[in-house]
Amino acid sequence: MSESAPPRRREPIRNPWIWIGLVAIVLVGIPWYLPPGTLHPLVFGLPAWTLVAVASSIGVCGFLHWALSRHWNLVEDLEEAQDPAAPTGGSDSWRT
Amino acid sequence: MENLTFGGWAGIGVLLGFAVLMLLIGYFSGRGQPNMRHSMKSYYLAGGNLGVVVLFFTLYATQYSGNTVIGYAPQAYREGFPWWQSVTFFTVVMAGYMLFAPRLYAVAKKHSFITPTDWVRHRFTSPAVSLLATVLMLWGLASYLLEQLIAMGQAISGLTGETVPYQVGVLVFVFVMLIYSWMGGMRAVALTDVMQGIALLVGIVALLIGGFMLAGGSWSETTQYLVEQDPESVAVPPLEESVNWFSMILLVAIGIAMYPHAIQRIYSARSERTLKRSLKRMVWMPLITAGAVFCVGMVSKQIFPGLSEGDSEQLVGMLANAVAGINPVFYAVMLVFVGGIVAAIVSTSDSALLSFSSLVSKDLYARYSRREIGEHRQVMIGKGIGVVVVFALLLLAWNPPATLVEIFVLKIELLVQLAPAFILGLYWQRLASGPVFWGMAAGAVLSSTMTLTGMSTVYGVHGGLIGLGLNLVICVVGSLLVRQSPAEAKAGESVTEMV
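So the sequences go chain by chain: A and B. The numbers in the working numbering rise by one with no breaks, and the one at position 71 of the first sequence is 71. The numbers in the working numbering rise by one with no breaks, and the one at position 406 of the second sequence is 406.
It is worth saying that the hints were derived from the structure and are not from the lab. Quick caveat: nothing in here was measured; it's all calculated off a predicted structure. Be aware that one or more of the hints could be misleading.
To be verified - So the derived label-pair ranges between C-beta atoms look like this:
#, chain 1, residue 1, chain 2, residue 2, range
1, A, 20, B, 428, 12 to 22 Å
2, B, 371, A, 81, 39 to 49 Å
3, A, 55, B, 493, 41 to 51 Å
Note that the Cβ used here is the ideal one computed from N, Cα and C, for glycine as well.
Assemble the whole structure, with the sequences as input and the hints as a guide.
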């Protein structure tokens, strides 16, 4: 995290590439582009398209994790400035 | 979940253990917060102070219930690989949150929102929109609760090998749920979610390992069986099914994020950082929850070939029974697993019930009462409403519909109609209350009509999404045509320009 300049406020909805990327990864995982009934080629004993679908799901997980990490910062800095002593991890993560 | 021979008294013992644990959690949660009886925020949102781990588990328990296991494994069994969509749609729910949670969290903290209707009232300053949104949420929550109560009874009678009758089992756990919710509010609900979430996770993984062992323990044997004996289950589906797959992903992504109890978890987060970190963990959970359940369904094809649709509904019970027979360790883990399923159903029900109570007490009773209602009284009214609603739904639950997943689609198709009021409302200053009202009403009527007339999809696209499309068109075109009231314009400006 940069210490010199105040970080820019970020919201995922403001970055169209997040949504374009997400739809693209999801669409790759759905076999709409293959002829119905296709079984071959087999990879690790399963039709290749099923592995593409699994890879797409893992890709969606990673992509969303990245988007949540990098493209969401609205009031975090403000909250931490107001309550700098408040920890957010360790035993406090069990806090209710 | 019927005829589990390993159940009986051992099953009753496990269920009683879970029940006692839940009651203890409720008791200690309530003891730690004397303010809870007098504060809506304390009772319904745990004071808006949930930390990462508890928030994560309560989000997890809200999204995945025992139904995810009982209903989705048979779905994978029947539909084959296309049901892998369940993994993607649960993941994409986080994208649904990303559409509105960052800003809604900030606005909710600033204005101390308790219920989702608080946002609608704040943004649109229209009693009609607030009332319609509340009614849709209550409708969705009621059908959701009903579904959970039905599943709870089936799981309990299944676990105990019918030693505990369906009705008795439901009544006992409903009382347990009401007591701990009453004692500890959201804090108790969230903490029991931790216990219930862990039991469910451990159980699913054990069920999958056991199922795989029963199927021969060989990846190549299982895949060979699927490709040679059941090729339709792993072949590319027809185009309409692919369209339906994408439609389901969209519908669930937006619909589940619109669950009133999910929105209240956004309000409950201790900080933005806490919320973000919880959601980042949630992103990976579908792979080990819905993914494992999907694999259970597929492996079961080899273990129990040729089940009819009705028989396949009993799949998880049959498999748990078979896995329990492998050795004493699996027997013990399966007992905890099926107990965990019941606990997970209870944990999903308590969240929905708490949300239901808050909506009725704050947005209907306190709002439309002729006199001023204090917070203490609102909390008490909410608790009372919870009891009445559960018992009214129980009367319906005695005659459960056949397939659980179909009821699930019905509620989500209504809740998804709230999306424009939340998502567009947060970012588009010009969105006006009149078009929001008519859009929401038209979307709800269209999607309900489609479902009730048996036309739940058109070319694979769900009625809920078609209703949402109509809803959006009315919201956008209407808002471009009508002029906002000054109060509405001011509220819109304050929200959309906060960043």
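Which of the stated hints cannot be reconciled with the structure, identified by number in ascending sequence? none
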